[in-house]
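Participant: Listed below, chain by chain, are the residues.
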Amino acid sequence: GAVVSQHPSRVICKSGTSVKIECRSLDFQATTMFWYRQFPKKSLMLMATSNEGSKATYEQGVEKDKFLINHASLTLSTLTVTSAHPEDSSFYICSASSPLDGTDTQYFGPGTRLTVL
Amino acid sequence: GQNIDQPTEMTATEGAIVQINCTYQTSGFNGLFWYQQHAGEAPTFLSYNVLDGLEEKGRFSSFLSRSKGYSYLLLKELQMKDSASYLCAASSGGYQKVTFGTGTKLQVIP
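Read top to bottom, the protein sequences are chains H and U.
The opening position of the first sequence corresponds to residue 1 in the numbering used here, with each subsequent residue numbered one higher.
The opening position of the second sequence corresponds to residue 1 in the numbering used here, with each subsequent residue numbered one higher.
No wet-lab data here; the hints were simulated from the structure.
Please note: incorrect hints may appear among the correct ones.
As the list claims (entries may be wrong) - For lysine-lysine, the following DSBU-like pairs were computed, each having C-alpha atoms within a straight-line distance of at most 30 Å: (1) U/Lys76 to H/Lys64; (2) U/Lys81 to H/Lys20; (3) U/Lys57 to U/Lys105; (4) U/Lys76 to U/Lys57; (5) U/Lys97 to H/Lys42; (6) H/Lys20 to U/Lys68; (7) H/Lys14 to H/Lys55; (8) H/Lys64 to U/Lys68; (9) U/Lys97 to H/Lys20; (10) H/Lys41 to U/Lys76; (11) H/Lys42 to H/Lys66; (12) H/Lys42 to U/Lys57; (13) H/Lys64 to H/Lys14; (14) U/Lys68 to H/Lys42; (15) H/Lys66 to H/Lys20; (16) H/Lys55 to U/Lys97; (17) H/Lys55 to U/Lys76; (18) H/Lys41 to U/Lys97.
Computed from a predicted structure; not experimentally measured.
Using the sequences and the accompanying hints, generate a full structural model.
Facilitator: Structure, rendered in structure tokens:
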């Protein structure tokens, strides 16, 4: 149980284009999903917290107009990197949690490696 | 603010026992997670401690002292596949916010 998928696993795009990353909870309903980015040899940096049916809560320093988050259902959240630039190249990881779990455990997707040329 | 400290790197021998320490300072503390992350992969859940004490799960055990803001992850009978980064993460607040440490890169040698 508690499986989270992410798609695509790897994407290469040209500077200026937009990229959409999907995060799905496959066997549970996730009221809350989280988006992280991770640079090489660094820890996870929380970008935003996404609650189903409401606007995402962004961490300080994260541009909400650049990183668009949509949590349309209890099993799907999307992150769109708009007008991507080389400095946006990173490993993006989503996680999902469910209050039915009784804990705050976050289950992570496999990650999406974004390379912006 | 939130602050989590853990060693950057550790090396241990196959078959041995290793303890990875983590100290945290956080307001509204709920519990302490440990995750394992292999290079290039996403983290996988290992344990979650809410109450003080030791919780054992197979070869892995995790300890928490809320009063001291301290936790450790104990790995027994080390295997080569245990070479990975181990992330300590503190849950706080009312909306499940989890703050991650920088991770401890463990290298298991023959």
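Participant: Work down the list of hints and note, for each, if the structure agrees.
Facilitator: Do the hints match the structure? See the list:
Using a Cα cut-off of 30 Å, the hinted pair U/Lys76 and H/Lys64 is violated, with the two alpha carbons roughly 44 Å apart. Under the criterion of a C-alpha separation no larger than 30 Å, the hint pairing U/Lys81 with H/Lys20 is inconsistent with the structure, at around 33 Å. For the hint linking U/Lys57 to U/Lys105, the alpha-carbon distance of about 21 Å falls within 30 Å, and the restraint holds. Of the pairs offered as hints, the one joining U/Lys76 and U/Lys57 holds, with about 11 Å between alpha carbons and a cut-off of 30 Å not exceeded.
Our distance criterion of 30 Å between C-alpha atoms is met by U/Lys97 and H/Lys42, whose separation comes to about 19 Å. Using a Cα cut-off of 30 Å, the hinted pair H/Lys20 and U/Lys68 is violated, with the two alpha carbons roughly 43 Å apart. For a cut-off of 30 Å, the pair hint linking H/Lys14 to H/Lys55 stands: about 28 Å separates their Cα positions. Straight-line distance between C-alpha atoms of H/Lys64 and U/Lys68 comes to about 37 Å, which puts the hinted pair past the 30 Å bound.
Taking the CA atoms of U/Lys97 and H/Lys20, the gap is about 24 Å. The hint holds against a cut of 30 Å. Between H/Lys41 and U/Lys76 the alpha-carbon distance is near 25 Å, which keeps this suggested pair within the 30 Å criterion. For the hint pairing H/Lys42 with H/Lys66, the CA-to-CA distance comes to about 22 Å; that is within 30 Å, so the pair holds. A threshold of 30 Å between alpha carbons decides the hint, and for H/Lys42 with U/Lys57 the separation of about 27 Å falls inside it, so the pair holds.
With a CA separation close to 21 Å, the supplied pair H/Lys64 and H/Lys14 stays within the 30 Å bound. About 26 Å separates the Cα atoms of U/Lys68 and H/Lys42, which keeps this hinted pair within 30 Å; it holds. Taken as a hint, the H/Lys66 and H/Lys20 pair is honoured in the structure, with Cα atoms around 12 Å apart against an allowance of 30 Å. A hinted pair counts as satisfied when its Cα atoms are at most 30 Å apart, and H/Lys55 with U/Lys97 qualifies at roughly 16 Å.
Annotation: proposed proximity of H/Lys55 to U/Lys76 is violated, straight-line Cα distance about 44 Å (limit 30 Å). Between H/Lys41 and U/Lys97 the alpha-carbon distance is near 22 Å, which keeps this suggested pair within the 30 Å criterion.
In terms of the numbered hints stated before, the structure departs from hints 1, 2, 6, 8, 17, listed from lowest to highest.
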